[in-house]
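Chemist: Numbering (my numbering), first residue to last: 997 to 1450.
In short, the hints are calculated from the structure, not lab data. Misleading hints may appear alongside valid ones.
[What the hints assert, rightly or not] DSSO-like cross-link-like pairs, simulated, lysine-lysine; straight-line CA separation at most 27 Å:
no., residue 1, residue 2
1, K1245, K1262
2, K1427, K1373
3, K1245, K1230
4, K1355, K1266
5, K1286, K1244
6, K1244, K1169
7, K1306, K1284
8, K1266, K1306
9, K1331, K1343
10, K1284, K1307
11, K1326, K1373
12, K1074, K1210
13, K1428, K1373
14, K1291, K1245
15, K1245, K1226
16, K1244, K1209
17, K1411, K1434
18, K1210, K1226
19, K1286, K1306
20, K1411, K1428
21, K1284, K1262
22, K1307, K1286
23, K1306, K1326
[As the list claims (entries may be wrong)] Ranges of calculated distance between the beta carbons of each label pair, as one might list FRET restraints:
no., residue 1, residue 2, range
24, G1280, R1253, 14 to 24 Å
25, P1441, K1081, 22 to 32 Å
26, G1396, Y1298, 28 to 38 Å
27, K1130, R1403, 44 to 54 Å
28, N1300, G1229, 51 to 61 Å
29, K1323, Y1298, 15 to 25 Å
30, D1342, K1130, 58 to 68 Å
31, N1400, N1300, 28 to 38 Å
32, W1317, G1211, 42 to 52 Å
33, L1420, H1098, 51 to 61 Å
34, E1145, K1291, 43 to 53 Å
35, K1130, E1183, 43 to 53 Å
Even for Gly, the Cβ is constructed at its ideal location relative to N, Cα and C.
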Amino acid sequence: MSSHSEQGEEKSEGFSLDEELKSLGVEDLYNLVQNLIRKNSEVHRLVLEWFKEKAEASRVAEEVATLNDELLMEYWEKAENIISKFNEYGGGPEDEEEEAYHWLNEISELIKEGNISSDVKFEFFDDAFLEYDKGNSGFEDELMHIFFEMCEMKEEWEYLVEKLAKHPSDWRKELIMRIQKNYLCNERAYLEMRMENLHYGMDYWDLAEFYVKKGDLQKALETAEQGILKGEGKLTELFQFLFEHFAKKRDTPNVERIVRIALTRKSEEKDMLDRLFEYYKTQGNYEKAKEALQKAYKIMRYGNYYAEYKKMKEFMRAADWKQVEPKIFKDVQEKDICDYLRICLDKNMRETVLHTILKPSKNQWIMINEFDEFAAKLEEDFPEKIIEYYWQSAYRNIPGGNRNTYRIAAGYLAKVKHIYINLLKDESRWKKRFSGLKAEFKNRPAFLDEVRKL
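With the sequences and hints as input, model every part of the structure.
Modeler: The structure is reproduced here in structure tokens:
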């Protein structure tokens, strides 16, 4: 017994890492940490983060700022290793992509603290632009977001402009102009570049907005006028700006002129005609409003015919509506079967709707479940027929199905149960039919599991 207790005492007096660390002198402790850093680069970051937490707890601002500088470049080194490989191969593994975004996010968090020196920002720009300029990693947007986050002082914005200007492109010119206009407030530099880069509608709108903010409405209007004539691509903001300006002044000739240009350029035609309709309507000009409304319908190229149909019906006088409605009704039937059925419901043509959803035309391209909204509205009028609609919809999702399709089937079967029990008051028919279905698919446990609560 005594020998065993002596061995236990010897064991308890063995090596204790905690005690050994506490006993280390300053030089030995320094050597230990340096040795760990040499063997594992992660230790360097962890030590920096430890010192930062210590400094923050002590509220030593200068020390925190210095540590943030160190940590930023530490985080960047880790992100850079991945981004560099992605630039070389045009992408990489998803887990590495997530890791790179993690380190870039860590950089963003440091920036938000606001304790990064300009010298380190410049160093970061120098390093990061080496990867950004290659443009093959997929991280370009995130890097540019960080560049913009990082700049605060005039010198920092100017340094970013220098970096962007070294490899000119349309996108980089847009970024430089944004910086000159919004951050450096260098109107001359902005205007020089902007005047040389007026190609797209959004270029003209950018300049027009600049003049609006300066309070120079006339210059803004002149710019917008040039834009709707010369600009390419999106012209939405330009047309809306000009229309609203002239409409507010009740300048009908110019309102009409802007709409004519939109129609000529085949840009924003529907929106401009809709606005013209509302303008004439507020002016009390029925004939002009009706004309704009009908033109707007004729140029429609996709969807929302039901809303347009209702708008015309509500606005037009009874005699005018009676004359044009049959043609529009037929037109909607050919263009959008669901909008046609919505109109049919409004016209109380419920049997037409029923026939269509049960036996859709082969000429109509119908998405699965697209007729469900109409079936729901016909349940009370045609319960037996809608039961079959829902039953077939459910059945389609069972053979060759999976958990997702079984869940869809269960949804339809719940509707069948509702009609049998709540509308037809015939629970026995539901139980008999549902039991037969479960028997048919008794070898599909996942399906049975999905319908167990029915």
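Chemist: If a hint holds in the structure, say so; if it doesn't, say that too.
Modeler: Hint-by-hint comparison with the structure:
1. K1245 with K1262: Judged against 27 Å, a Cα distance of about 25 Å means the pair holds.
2. K1427 with K1373: Status holds; Cα separation ~24 Å.
3. K1245 with K1230: holds (25 Å)
4. K1355 with K1266: Given pair K1355, K1266 is violated - Cα atoms ~34 Å apart, limit 27 Å.
5. K1286 with K1244: Holds. K1286 to K1244 sits at ~21 Å (cutoff 27 Å).
6. K1244 with K1169: violated (35 Å)
7. K1306 with K1284: OK: K1306 and K1284 at ~19 Å, within 27 Å.
8. K1266 with K1306: Within the cut-off at roughly 16 Å; holds.
9. K1331 with K1343: holds (18 Å)
10. K1284 with K1307: holds (15 Å)
11. K1326 with K1373: holds (22 Å)
12. K1074 with K1210: This hinted pair is violated, its Cα atoms lying about 45 Å apart.
13. K1428 with K1373: This hinted pair holds, its Cα atoms lying about 26 Å apart.
14. K1291 with K1245: Holds - the C-alpha atoms of K1245 and K1291 are around 24 Å apart, at most 27 Å.
15. K1245 with K1226: Given that 27 Å is the threshold and the Cα spacing comes to 25 Å, the pair holds.
16. K1244 with K1209: At roughly 19 Å apart (the allowed maximum being 27 Å), K1209 and K1244 satisfy the hint.
17. K1411 with K1434: Distance ~17 Å between K1411 and K1434 Cα, so the pair holds.
18. K1210 with K1226: Satisfied, since the Cα-Cα distance of roughly 23 Å is no more than 27 Å.
19. K1286 with K1306: holds (14 Å)
20. K1411 with K1428: holds (16 Å)
21. K1284 with K1262: Holds. K1284 to K1262 sits at ~21 Å (cutoff 27 Å).
22. K1307 with K1286: holds (11 Å)
23. K1306 with K1326: holds (15 Å)
24. G1280 with R1253: 14 to 24 Å: holds (21 Å)
25. P1441 with K1081: 22 to 32 Å: violated (46 Å)
26. G1396 with Y1298: 28 to 38 Å: For Y1298 against G1396, whose Cβ atoms are near 34 Å apart, the range 28 to 38 Å holds.
27. K1130 with R1403: 44 to 54 Å: holds (47 Å)
28. N1300 with G1229: 51 to 61 Å: violated (24 Å)
29. K1323 with Y1298: 15 to 25 Å: holds (19 Å)
30. D1342 with K1130: 58 to 68 Å: holds (59 Å)
31. N1400 with N1300: 28 to 38 Å: Cβ of N1400 to Cβ of N1300: about 30 Å, so the range 28 to 38 Å holds.
32. W1317 with G1211: 42 to 52 Å: Cβ of W1317 to Cβ of G1211: about 47 Å, so the range 42 to 52 Å holds.
33. L1420 with H1098: 51 to 61 Å: 59 Å Cβ-Cβ, so the 51 to 61 Å window holds.
34. E1145 with K1291: 43 to 53 Å: holds (48 Å)
35. K1130 with E1183: 43 to 53 Å: Violated: the Cβ-Cβ distance is about 34 Å, outside 43 to 53 Å.
In summary, the structure is inconsistent with hints 4, 6, 12, 25, 28, 35 from the numbered list given earlier, while agreeing with the others.
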